Amino acid sequence: RIPHVSDVREAASLFVELEQQSRRLEAAKALLLARVNSESLHRADGYVKASAWVRSVARLDSRRANDLSLAARLISSYPEIGAHYFAGEIAPEHVRRLASLHQNKRVSDQLPAFMPLFLDWARTEDIDVFNSATLRWEQLAELLLTSLDVPGIAAFGPR
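Under the working numbering, the first residue of the sequence shown is numbered 53, with each subsequent residue one higher.
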């Protein structure tokens with residue numbers, strides 16, 4: 053049942069409260085899946101991947117199950133992300149973007165040095181700004197790695 057609201061401030065306050073609860077639920081699902089994955093609990097049901105298990109038991113589409121699985125892996129590697137997510141400070145969209153960076157093998161080694169900054173951005177920036185900034189970082193990080201792989205490039209580096 054939708055609660056009665058009498059003005060826009062009351063409606064806004066209720067909406068923010070509901071969004072916080074929704075974020076906590078999403079975080080709880082990701083945290084649970086991280087545990088299922090780390091303890092290989094899904095294998096007892098005959099599933100090789102935790103994402104396939106959660107897709108089946110929760111009746112999710114493959115994209116949603118994959119997003120949840122990526123978030124679970126991110127939280128396993130960066131528990132501080134899980135804590136802020138569970139506190140409702142980070143939106144699922146921010147977690148999805150961070151999980152995408154975490155999954156990118158070309159930049160994942162560089163990610164730990166930047167994660168405190170990205171966490172701060174996730175807590176303070178809207179998703180469009182966050183996506184633009186992290187995408188630009190990802191592109192620059194990949195470009196730097198690619199340029200370092202060019203034969204002879206070391207000759208132009210510092211001595």
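Treat the hints with care, as some may be off.
For lysine to aspartate or glutamate, the following EDC-like pairs were computed, each having C-alpha atoms within a straight-line distance of at most 20 Å [claimed, not checked]: (1) 81 - 59; (2) 81 - 97; (3) 157 - 97; (4) 101 - 119; (5) 101 - 91; (6) 81 - 119; (7) 81 - 132; (8) 157 - 113; (9) 81 - 62; (10) 101 - 113; (11) 157 - 190; (12) 157 - 141; (13) 81 - 71; (14) 81 - 145; (15) 81 - 141.
Just the calculated beta-carbon pair ranges, DEER-fashion [stated by the list, open to error]: (16) 73 - 164: 27 to 37 Å; (17) 58 - 101: 16 to 26 Å; (18) 194 - 65: 17 to 27 Å; (19) 62 - 87: 34 to 44 Å; (20) 135 - 177: 31 to 41 Å.
Derived from the structure by calculation, the hints contain no laboratory data.
For clarity, every value in this text was computed on a predicted model and none was experimentally measured.
Where a beta carbon is used, it is the ideal one built from N, C-alpha and C, also for glycine.
Earlier hints that do not hold, by number = Violated: hints 1, 3, 8, 9, 12, 17, 18 and 20.
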